[in-house]
Amino acid sequence: MNAGHPVEMDTLYGDYPLDQAFDEMRVATGELRPHYCALAETLARLPHDELQRRKQSADLSFLTQGITFTVYGRDEGTERIFPYDLLPRLITAQEWDRIERGLTQRITALNLFLRDVYSEAKILNDRVVPRELVYSCKHYRRQMRGLQVPRNVYIAVVGSDLLRLNTGEFVVLEDNLRVPSGVSYMLTNRRVMKRTFPQLFSSYGVRPIEHYPQLLLATLRSLAPEGRPEPNIVLLTPGVFNSAYFEHTYLARQMGIDLVEGRDLVTHDNIVYMRTTDGLKRVDVIYRRVDDDFSDPLIFRGDSTLGCTGLFNAYRAGNVTVTNAFGTGLADDKAVYAYVPRMIRYYLGEEAILPNVETYLLSEEKERRHVLANLDKLVVKAVGESGGYGMLIGPQSTAGQREEFARQIEANPRNYIAQPTLDFSRAPCLIGDRLEPRHVDLRPYILFGDKINIVPGGLTRVALERGSLVVNSSQGGGSKDTWILEQ
Amino acid sequence: MLSRVADSLYWMSRYLERAENTVRQLDVTMSLMLDTGGASSEARWKRLMAALGKPAGMEWNGDLEQMARKLVFDSLDPAAVTFCLNGARENARQVREEISTEQWQRLNRLFHQMHSPNAQTQFDSNVNDALTSVVDGIHLFKGVSDTTMIHGQGWQFIRLGRYLERAYATATLLEVYQPDLFHAQEREHSGYQYLELVGLLRCCTSFEAYCQVYTADLSPDRILEFLLLNCDFPHAIRYCVDGIRDAIDNIQRTGGRRPPDELTAVTGRLHAMLGFTTIREILAGDAAAFLHTIREQCMRIHELIYRYYVHYSIQSALAV
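Just so you know, the sequences run in chain order P and U.
Under this note's numbering, the first residue of the first sequence carries the number 1, and numbering increases by one thereafter.
Under this note's numbering, the first residue of the second sequence carries the number 488, and numbering increases by one thereafter.
Worth flagging that the hints you see were computed from the coordinates, not collected in a lab.
Errors might be hidden in some of the hints.
Said to hold, decoys possible - FRET-style restraints, in silico, Cβ to Cβ:
1) U:THR635 x P:PRO229: 55 to 61 Å
2) P:PRO208 x U:ASP736: 44 to 50 Å
3) U:ASP561 x P:ARG402: 46 to 52 Å
4) P:GLU358 x U:GLU584: 42 to 48 Å
5) U:GLY549 x P:GLU404: 27 to 33 Å
To be verified - Below, computed lysine to any residue pairings styled on SDA-like, alpha-carbon distance capped at 20 Å:
6) P:LYS377 x P:GLU364
7) P:LYS281 x U:ARG491
8) P:LYS281 x U:VAL685
9) P:LYS281 x U:SER803
10) P:LYS281 x U:ALA804
Just so it is clear, CB atoms sit at the ideal spot from N, CA and C, and this is done for glycine as well.
Using the sequences plus the hints, can you model the full thing?
Okay, here's the thing in structure tokens:
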């Protein structure tokens, strides 16, 4: 029996290449980064089967809690466990400080941009952002023009995706300003992690994130309509078939608010009510997890049964707060994204703390020609899509796929952007019984009520397949807990 | 509580009760068929179907095993046990945040048990064991429901669904059996007649309870009295109606709304109908009509619950 023997440092690592991509744990010459030393030592000290035992116990914990997501386009087994990696991703206090300042700046500017576009449109008149770009965006909602939004907050809940480039610098890949998801995984990961590595966790001095639901509730409450001191706050879900349904039930339970579907809501005289066994109860704040298009058949898609008829008019009348506001997808359009640094300069007179990824707008002829000639090196994305759908990764594509995308780009250039294939950072993951590096991103969650709050943490998503650059849960990604260190 | 949630809990509970009832009646019928001296298999099957509300597509075709398998496993047939269990689980899934983890796990386990490939094999090798394990699963669920859930409105809607379904099913069963029972009384008492009476009691898991009250001396009027008017036995209609009334009282007490008069009237009337009568009076009158009225009143209560708690019009709610 060699079960009691500790795993030696070098047998701990499997196929662990170090190349030009930034490795979260090791520097290019192979030494450990200082803040990863304690983690590596703990792993090296653990008997081999103990690590596996902890992994199994963590897996089981997810399974019995029913922490699942739904994969579209499959008849059978639509509920799946979200894959989970046992090792935490560590971020130093200094790195986090920059992320926090950068995101606060960015979200402030994006909110100002939305307010501007839906009111005076100064930024368009000053030709900082092209008018055609905004008005051709499929998430632009003309119904929002001139509408007074409570506290002028359009985007109360945001999850921005960050990547770390080979320079070690964090950049923003995209802003999710509509209905960002994944925060329940951030919270459940942490709970499981504290149970799996209790000593390690306490020795590291990790900043807490568990108060997120409470903070979210406070944010929603701060946005309630005037004169409603005890607002009735609800979470609006599309229902049990939505991929994030688990998260909706989780957040509603954690906040102690009702989880409602469109069919639970009725409007009368521009007031939204929910049907309860005690009669109609007025609703003041709706945390909306239903897309714009499906929210109100009277205003948006008429064939939608997920929303509430008359919701938008009640919102317009100021009798109910719906958050995020409608039409916020305008500002996370992947082509509008290219202008965010300019927005920050325009509204705040500052330079962006967190840079953008270089982005080619395919509606510009010169850039389009360059992109079409270099499709095999670039990543092409549809501007209005999310979740890793509608994407071409040049270096990993076939000639046929590239031709197909070229055709689509020519047909509708406004619908696509291109970016260089990013060599973003990798973090060690437990693959089998060895550590191997996998590409990771980071999605911190930003709350915007009275002020901007960012819980120190986020969802680190992992591309669990070797060499893969796609971290989306719908496309075989997993996640790991993210520890923001006190020091 | 949200109307939709109350509705889902109510139906979750009704579907489970229905599944249990179907399983028990099928089990009893199949074991009665082993004694070939009494009624024919076809007559028994017809009686079973009548007691289950005459579902379509379940006409006797001579192949008992195939029919029984269909009644248990055909998840597309609304009469089938799996159909009911699927319905219960689907309702529970939609209100996952309202029920306890233990409840969800029991129900989920039962669901997977019924859909596992072993289920049909086990059924083919030992019908009785297979059916008993389904009833066991449902009993476990009821147990954890009572011990792990807040006894608030949601729990009351679960009770409401259970007792309403049970009262209706028992009334239907008695209505179907009733002509046979009293017709047979004129004939010689035989072992077969005894088996029939035990079967009827076992359909309501009430054989032992009956014996405690009346000894093993089985007579049709006592059985009818027991299943109709006993106020301490959970499968007796009177007990169920008390349960319905109690659940509605509690729902009204915890809610802020004025009690709906009509609902109070209908449940009160049914309660009084069963509480202030004797079996002699019922038998002197038209027993079948009496049973039929119970069923109608149950349906009326269901409609009123819907109208007051679930599908009320906006105008009526705003007027309050």
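Please write out, lowest number first, the hints stated earlier that are contradicted by the structure.
-> When the structure is compared with the hints, numbers 1, 5 and 8 turn out to be violated.
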